[in-house]
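Let's have the full structure, built from the sequences with the hints guiding it.
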Amino acid sequence: MSAVVSTEKASVLVILRREYLDITGNFCAAKLIEYFRHWTKWKLKNHRTPWVYQPLKRIYADLMGEHSLHVIRSAIALLESMGIIEKQKNPGNGQDKTWQYKLHFDVLNQLLVPGKCKTEPSEFNAEQYHRSHPETSKPQQHTAVESGKDEGVEESEYEPAHQAPEPEPSQTTSFVDELELDHSNSEIDPHEDEFSEAEVEVDSSTYKPSKHEIAEVCTELRRLRINPEPCLGVMKKYWANVAGAIARVKEGIHEGWCDNPTGLFINSCKSGAKGKNTVTSDVSTWFEWARKQRIALAMSAGVVYTPDGDAVEVQEMMRRFPDES
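For the sequence shown, numbering that gives the first Met the number 0 assigns the number 0 to the initial residue and increments by one for each residue that follows.
Calculated directly from the structure, the hints in this document are not laboratory data.
Values in this document were obtained by computation on a predicted structure and should not be read as measured data.
There may be inaccurate statements among the hints.
[Unchecked claim] In silico BS3-like cross-links for lysine-lysine, where the CA-CA straight-line distance does not exceed 30 Å:
1. 291 / 269
2. 210 / 269
3. 207 / 236
Below you can see the structure in the form of C-alpha cells.
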C-alpha cells in the first residue's frame, strides 16, 4: 500500500476554476470537477481506465477538510444530475461499498463556453490517450500486491502518490454574481422536426427582464429540477424564448423523452423551440399580455402554466382573464 501523501502534495488538487463555478454554482462541485479531472488523467495513464476509485474520506482529506462529507455527497449528486460524472460500484467485488467515478469530458466541454475553456478533447478515452502518449503504451510493471488483488480492493484506502497537475490558466476563490456566459448543452430532442414555429434567435436588446421576472422563472426552473445558475446568461439574452422553452421542457417530461431538462431548456431558449401545436395570433397576443401581467408563465399544447404551477386550458384562461390592453 502506498504511503499517505503529504498535505503539500494533496493541496495541489484544491483548485477552484471560475468556469467550473459558473456552470455548477457550487464551490465544492467546482473543485470536484478539477479533482476528478486530475485523477482521470492519472488513471488513464497508469491503469488504462477512466474510472476513479476514491473513498469519500479520501476525497474529504484531499480537499483539505474544507467541505464536510455531507457537502461532498451533495456536490457529487449535483455533478451526477448534470451528467458531468457517473458513478458505479466496484464490478469486481460485490462486497466493496466504495463508489467509482467517471468524468464525462464531452458533457463538461459542452457546458463550457465554446473556444474559451475546453479542458480535454470531447471524445477522450484510454485508446486516444495512449495514441497521443506512446511512452505510456508499453506494458506497465506492477507490484506483487497489484497482480494479486483486484484493482478496486487494492486502492480502497488511497490512490498512489499524487502527481502535480499542469498549471491551470484561471483560478479564483470568488463567486460571480451574474453568469453572463452563453453555455451550450447537447440535449437531443427526438421531436425537433415537429416544431410548428420557425426557430428564431431573439436579440438581447428586445426586452430587458426585471430581477423579479428572473426570480419567478428561476423558481419555475427549480420545480422542473433545472439548475438556474448555468441558464441565467441564456435567459437574459433570449428572454422572449424563455416561456416557450419552459413549456418545451414540461412537454418533454410529460411525454417521457426528456432526460436532461437543463440542456433542453438552454437549447430551446437559443432556438426558440416552443412545442408541437400551432398557436393562433389571437392566442399568441393574449399570452404575451398575460405573461407581462404575470398571469401566465408558459404555454404548451393548448395549456397555460401559471406562476403557481397550475395547468389550465388556454381558452379557459382567456375567459377568466380577458386582454384589457
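(request) Hint by hint, work out which the structure violates, then give me just those numbers in ascending order. (result) none
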